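Participant: Chain by chain, the residues run as shown.
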Amino acid sequence: MKDNSLLKGALSTLVLKLLADNGQMYGYEIIQKIKEASADQMKITEGALYPALHKLEQNGLLIAEHRPVSGRVRKYYSLSAKGKKASEDKLAQLKEFLSSVQMIITPKTV
Amino acid sequence: MEAEKIEAIKSYLSNNGVKYYDIQAELIDHFATAVENVQRINPKIGFQESLLVSHREFGGKEGFRKYVLEAEFNVTKKTWLLVGKTLLQFLKWPYLMVVGLLTLFWTIIIDQWQAKAEWFFVGIVFSFLIVMLINNIKLQKIDMFLPRKTNKALGWVLYFVAFIPGFIARTPFESITPIYTTAYFTFLSLVCISFYQVPKLAIKETRKIYPQIA
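Going line by line, the protein sequences match chains A and B.
Sequential numbering from 1 applies to the first sequence in our numbering.
Sequential numbering from 111 applies to the second sequence in our numbering.
Here chain B stands alone, though its shape is the one from the complex (with noise of 0.2 Å):
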């Protein structure tokens, strides 16, 4: 099929809500079987026709409403896969000298300057949000989902990691033994700098196993 048409498919099945190309993949391959189907067929069909006669056969408009929130849904799984799996690279050598150049610097800090905690604390929540803006602005012209996808659960860790517990504990951090406020600030140190790589590494996967997105 020429490539006109493949991006014709594209941009209709961008236009019907299946917008990045990680999500797009297979369809695009899918409706260009089906329209060549249908006019091998019927060769007086024109493309166009044969596009929405696939889509008519696909289920319509449902039948998109349905593959993209299953396909969202598995894109969110290997989200936090992602997540989860460049924190635990910290427990392994070389990163294991962050996570101890980490924990002596707020060793350090917490030791001198307990009683403003909780400067140190909006520190960290401001670093999440600097993060988060770069990444968007990194992703703007990304047209994948997963990358896209890695900064949005940064929200929802900003809000597991450092407000739910500061919410539910409600305790100034000048009360807390120092060593769980150290801990607790060198594990969002971590969370943070593994939020700056998920989107990288995110493009990194999803280009591997789509290598012609420019």
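Same shape as in the complex, but just chain A (with noise of 0.2 Å):
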């Protein structure tokens, strides 16, 4: 996918789908998630999932945690319970939006 703008307005409802499907992640695991589930469509300027994690995390909808591995201190991040409920509407909304779209470019023909 070569225009990001597209991507960037379902950022955090992307990674809110992957925190639900996989519990506790990474960033730098999460931006390969996206890769590897788009089969590379998507790429993501990497810099760009950690402001949107922590605006997550911000909102209470991330919990992170801290922990040490091999010389180095990784961050996971995982759903709250408002995160989990916010991860249902989002994608709920985004499914809506996407019909909606759909319907937009290819319209039924009678």
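FYI, nobody ran anything at the bench for these hints, they're computed from the structure.
As the structure is a prediction and not an experimental result, all values here were calculated from the model.
Just so it is clear, CB atoms sit at the ideal spot from N, CA and C, and this is done for glycine as well.
Certain hints may be false.
[Claimed, not checked] Partial list, derived from the structure: chain A residues whose beta carbon lies under 8 Å from chain B:
1) TYR26
2) GLY47
3) HIS54
4) GLN58
5) ARG74
6) LYS75
[As the list claims (entries may be wrong)] In silico negatives: residues of chain A with every beta carbon more than 10 Å from chain B:
7) ILE34
8) VAL69
9) ARG72
[Said to hold, decoys possible] Restricting the straight-line Cα-Cα distance to at most 25 Å, the calculated cross-link-like pairs of lysine-lysine (PhoX-like) are:
10) LYS55(A) / LYS129(B)
11) LYS154(B) / LYS55(A)
12) LYS75(A) / LYS318(B)
13) LYS75(A) / LYS176(B)
14) LYS262(B) / LYS82(A)
15) LYS33(A) / LYS314(B)
16) LYS195(B) / LYS84(A)
17) LYS176(B) / LYS55(A)
18) LYS154(B) / LYS35(A)
19) LYS115(B) / LYS55(A)
20) LYS75(A) / LYS154(B)
21) LYS75(A) / LYS310(B)
22) LYS251(B) / LYS85(A)
23) LYS75(A) / LYS314(B)
24) LYS318(B) / LYS35(A)
25) LYS75(A) / LYS115(B)
Bring the two chains, given one by one in their own frames, into a single complex with the hints.
Facilitator: Written out as structure tokens, the structure reads:
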């Protein structure tokens, strides 16, 4: 995907969905998972993910835990109770939005 | 990853404007994992080159700039929360005793020397500056952003609680009811004491998250 602006709007929803599916994840792992799941079609600028993660954490949707991993500290993120609810809501909104877009770009011919 | 490579990542981040450990920590892990991944895919690539590749994928200098801006903004919010928390402690026992003693102290002083209130105000501002200087000396070797930020916040507090009210009022203290002067001086003293404590609390809080910081 060359135009990243489409991804920007959906990034937090994708992060919430990934964490809902995988439990605890760290930043780099989330980036790799997005690339992998989209068969390398979605190339996010890695630096853009962290502000999104921190914002979700500040809004109480994510819980962070620091753990030592081979000489460094790794920050793991997981969904809070509020985050689980938000993940479902945002995903439903995104699906609704995508189906509306689908209706516009491929209108049914009568 | 070997300790010297982690150190090399730390210096690389510092040289690119990501200076303090509490801002760096998540990036150190990001780059260490990214470098490991690049070298796993292509074992012929050396450490330095894979670090450069990882930096490019992160968004280059602009990626760092955005990260640092956002991280610093979060730390600033945390700083003010810490300042607020420290001030609020004076509403609880046994700190209420300090408030009582300070109120008593300023009531006696203002009662005796109301005409010299300006000088006491200058004294409090001077105390703020002394606290800032002491904090600054203590923080010189502290490689954490949050404690440093708390001391910078003291400058703003000094401006907002000491200079602005004085500037707006432009009223000599002797023409103000002594009770207001006493309350104001007590409040300023509490803010000054809080700021002496805040960097210590910030260091403690940062060490709680990153216990490996020496």
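Participant: Each of the hints needs a verdict: does it hold here or not?
Facilitator: Status of each hint after checking the structure:
1. TYR26: holds (7 Å)
2. GLY47: Since the shortest Cβ distance to chain B is 3 Å, the answer is holds.
3. HIS54: holds (6 Å)
4. GLN58: holds (7 Å)
5. ARG74: At 5 Å from the nearest chain B Cβ, ARG74(A) passes the 8 Å test, so the hint holds.
6. LYS75: Nearest chain B Cβ about 5 Å off; hint holds.
7. ILE34: The assertion about ILE34(A) holds, with a minimum of 13 Å to chain B.
8. VAL69: violated (7 Å)
9. ARG72: violated (5 Å)
10. LYS55(A) / LYS129(B): Judged against 25 Å, a Cα distance of about 21 Å means the pair holds.
11. LYS154(B) / LYS55(A): violated (38 Å)
12. LYS75(A) / LYS318(B): holds (14 Å)
13. LYS75(A) / LYS176(B): Satisfied, since the Cα-Cα distance of roughly 19 Å is no more than 25 Å.
14. LYS262(B) / LYS82(A): Between LYS262(B) and LYS82(A) the Cα gap is close to 34 Å, so the pair fails against 25 Å, i.e. violated.
15. LYS33(A) / LYS314(B): violated (35 Å)
16. LYS195(B) / LYS84(A): Between LYS195(B) and LYS84(A) the Cα gap is close to 29 Å, so the pair fails against 25 Å, i.e. violated.
17. LYS176(B) / LYS55(A): Holds, at roughly 13 Å.
18. LYS154(B) / LYS35(A): Given pair LYS154(B), LYS35(A) holds - Cα atoms ~23 Å apart, limit 25 Å.
19. LYS115(B) / LYS55(A): With a Cα-Cα distance of about 30 Å, the restraint between LYS115(B) and LYS55(A) is violated, given a limit of 25 Å.
20. LYS75(A) / LYS154(B): With Cα atoms ~29 Å apart, LYS75(A) and LYS154(B) exceed 25 Å; violated.
21. LYS75(A) / LYS310(B): holds (24 Å)
22. LYS251(B) / LYS85(A): Status violated; Cα separation ~44 Å.
23. LYS75(A) / LYS314(B): The given pair, whose Cα atoms are some 19 Å apart, holds under the 25 Å limit.
24. LYS318(B) / LYS35(A): violated (34 Å)
25. LYS75(A) / LYS115(B): holds (19 Å)
Against the hints set out earlier in the document, violations occur for numbers 8, 9, 11, 14, 15, 16, 19, 20, 22, 24.
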